[in-house]
Amino acid sequence: MTQDAGGGRPLGRMEQRMTESELLVRCRWLLRTRWVFATALAGVLALNEWLRLQEMTGPIWVVAALIGLYNFGLTAWTRRLDSALRLQDAEGGTASGRGRIETLVFVQMALDALALTLVLRYSGGIENPLAFFYIFHVTLASILLSRRLSYGLASVATGLVTVIAAGEWSGLLRPHYRFLSGLSNLTAPVEIHSNGPLVICYLAAFACAMYVTTYVATSVAAQLRQREAQLLRTTEALRETSCKLAELEERKSQFMVTAAHQLKSPLAAIVSLINAAATGQISPAKQKEMLGRAVSRAEVAVRQVQELLALARLRTLSPARQSWKVFDFREVLDGVRAAASDREEEKRVKVDFEAPAQPAWVEGSRDDLYDAVMNLVDNALKYTEPRPASEAGTVRVALRPAPCPEPGRSSEGWELTVSDTGIGIPQAELPKLFQDFFRAGNAVRRKIPGTGLGLSIVEQVVRMHGGAIRADSVENRGSTFTVWLPRAP
Amino acid sequence: MAEEKTILVVDDDPDIVESTRVVLESAGYRVTSAANAAEAVSCIERQVPDLILLDIMMAEPTEGFHLSYKLRDDPLYAKIPIIIVSGISGKTGFNFSREKDTDYVKADDFLDKPVSPQTLLSKIATLLERKRGPRKPG
Numbered sequence: 000m001t002q003d004a005g006g007g008r009p010l011g012r013m014e015q016r017m018t019e020s021e022l023l024v025r026c027r028w029l030l031r032t033r034w035v036f037a038t039a040l041a042g043v044l045a046l047n048e049w050l051r052l053q054e055m056t057g058p059i060w061v062v063a064a065l066i067g068l069y070n071f072g073l074t075a076w077t078r079r080l081d082s083a084l085r086l087q088d089a090e091g092g093t094a095s096g097r098g099r100i101e102t103l104v105f106v107q108m109a110l111d112a113l114a115l116t117l118v119l120r121y122s123g124g125i126e127n128p129l130a131f132f133y134i135f136h137v138t139l140a141s142i143l144l145s146r147r148l149s150y151g152l153a154s155v156a157t158g159l160v161t162v163i164a165a166g167e168w169s170g171l172l173r174p175h176y177r178f179l180s181g182l183s184n185l186t187a188p189v190e191i192h193s194n195g196p197l198v199i200c201y202l203a204a205f206a207c208a209m210y211v212t213t214y215v216a217t218s219v220a221a222q223l224r225q226r227e228a229q230l231l232r233t234t235e236a237l238r239e240t241s242c243k244l245a246e247l248e249e250r251k252s253q254f255m256v257t258a259a260h261q262l263k264s265p266l267a268a269i270v271s272l273i274n275a276a277a278t279g280q281i282s283p284a285k286q287k288e289m290l291g292r293a294v295s296r297a298e299v300a301v302r303q304v305q306e307l308l309a310l311a312r313l314r315t316l317s318p319a320r321q322s323w324k325v326f327d328f329r330e331v332l333d334g335v336r337a338a339a340s341d342r343e344e345e346k347r348v349k350v351d352f353e354a355p356a357q358p359a360w361v362e363g364s365r366d367d368l369y370d371a372v373m374n375l376v377d378n379a380l381k382y383t384e385p386r387p388a389s390e391a392g393t394v395r396v397a398l399r400p401a402p403c404p405e406p407g408r409s410s411e412g413w414e415l416t417v418s419d420t421g422i423g424i425p426q427a428e429l430p431k432l433f434q435d436f437f438r439a440g441n442a443v444r445r446k447i448p449g450t451g452l453g454l455s456i457v458e459q460v461v462r463m464h465g466g467a468i469r470a471d472s473v474e475n476r477g478s479t480f481t482v483w484l485p486r487a488p
Numbered sequence: 000m001a002e003e004k005t006i007l008v009v010d011d012d013p014d015i016v017e018s019t020r021v022v023l024e025s026a027g028y029r030v031t032s033a034a035n036a037a038e039a040v041s042c043i044e045r046q047v048p049d050l051i052l053l054d055i056m057m058a059e060p061t062e063g064f065h066l067s068y069k070l071r072d073d074p075l076y077a078k079i080p081i082i083i084v085s086g087i088s089g090k091t092g093f094n095f096s097r098e099k100d101t102d103y104v105k106a107d108d109f110l111d112k113p114v115s116p117q118t119l120l121s122k123i124a125t126l127l128e129r130k131r132g133p134r135k136p137g
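Going down the list, the sequences are from chains Z and P.
All residue numbers in the first sequence are consecutive under numbering that gives the first Met the number 0, ending with 488.
All residue numbers in the second sequence are consecutive under numbering that gives the first Met the number 0, ending with 137.
One or more of the hints may lead you astray.
Covered by chain Z, per the in silico footprint, the following chain P stretches (three or more residues, Cβ under 8 Å) [claimed, not checked]: (1) 2-14; (2) 21-32; (3) 110-117.
Calculated directly from the structure, the hints in this document are not laboratory data.
For glycine and all other residues, C-beta sits at the position ideal for the given N, C-alpha and C.
Please put together the full structure from these sequences, using the hints given.
Here it is in structure tokens:
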């Protein structure tokens, strides 16, 4: 990750690659433009040979040839850099290539400035109005390069013109070529280079033009870059959101297919049982048995629908906390204790409750938390098989203060454990335990009825309250579900 | 029915097994049942059925498919007609049919749960008439 040009948040690799590609496109454009310029310069020089407007054009021919020569070199450099960056991308590298491309662009601009200076030098010196052409270089540099390199190029241009002006004024650069010498008999000779104060004024105005242009152009370019980066980020965010939406849609469809299938199983059994009961060739007792089975399956289907609705409500309304209240969590345990006591005797399973002496304040939906705890206790009772009275199974429900078990969270809260001495859950199936409709293989094999939605509901309720849930189990030894809920503020 | 035919019902849902048993026994068939592929193999080894009604999703999601492949690959049992009776089309979106799916799904016919007694009995009768029963093992 690197910082973006505008100094905002770090750019992603995609954004980096896009700005690099943009710079490379501009690089190639510069290369093409330079061929046009070199050809145009040669054309003008050829025309000059015929019209004789400018004397001593030999050195300018050399400059035109040099421009063509270094453009070959720059073309090769650009291709090599492009290949290197593509290879890096293919290998999954994340290093930024922007610095290397900017160096390439800066070298191009500096060489162009030098070529312009040589043309200037051999076609009239500072009296030649071609000096205005430096504006093109600094403007282009300000658009393409960083602020530092843009000012660097403005300084290079100013320095080169200063060398010419100072050299010609001091007499170190001789002879002084006159601009359009072929026309000089028509016009009064302009002699700035030999007039010290004029040279100083000229250089001051030139430097001012270079730096002000750089300042204005870099400011505008920075704003544009910031907007471009923002646009890229927005595009990336939209793409991510679109992917997430597609994934959610896929999961929703999968959930609906699974739910429909799960509902179809009891319905298919009900229809089969009723059909069997209606055959008319079975005894009334068998008929009654078939219809009784159909009713049981219908009850399971109804429970499944109720749990599906509960899950849908929790998932849809999970952010809505307006109806939440601060309450003593021990009240929930009291309610669960009363409900569980009815089943204790029936199941020959002992249920022990342990709660702290002080109130256990939590904030949330009392009804949803009651359902969640009841679900866990119900499961514990269901999966703890009746044993001989002498060695009755045990379910333990304990509440105690505890810090948040998740790393990085320091909040205080309450830990509720529901342990049983039941059939347990196979180790390999523990990770799937909270998936919708999942049922452990040993429970299915024992034909213990269940919808596979209870733990999904519990997890949803706990998560909705900012809590955490964990399951530990040893097959045939028992399971422990640990729920942590944050203390009410 | 001159000869009592034996139908093996392989399904992990005891209500489906029981209701199918009632329908088939009322029609004069003898019914054996298995709740999974392993039990089914034991049943078949004890007595080769004249036809198998096979569920697909049992303890494993493709248990029925695997059993049908296993039986088709075994020369002793390859000729037992198999009808796949499953609710799998609801889950997978596949709607199996005898015309297009018997090449890769090793079954003679397909039925989607719940099946009406008339349809079930008619399919069984058609298959038993069309196919000769398998040789006895050994």
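Now for the hints, and whether the structure bears them out:
1. 2-14: Per the Cβ count (4), the hint holds.
2. 21-32: Three-residue rule met by the stretch 21-32 of chain P, so holds; n is 3.
3. 110-117: It holds: at least three residues are needed, and the stretch 110-117 of chain P offers 5 whose Cβ sits within less than 8 Å of chain Z.
When held up to the earlier numbered hints, the structure conflicts with none and fits them all.
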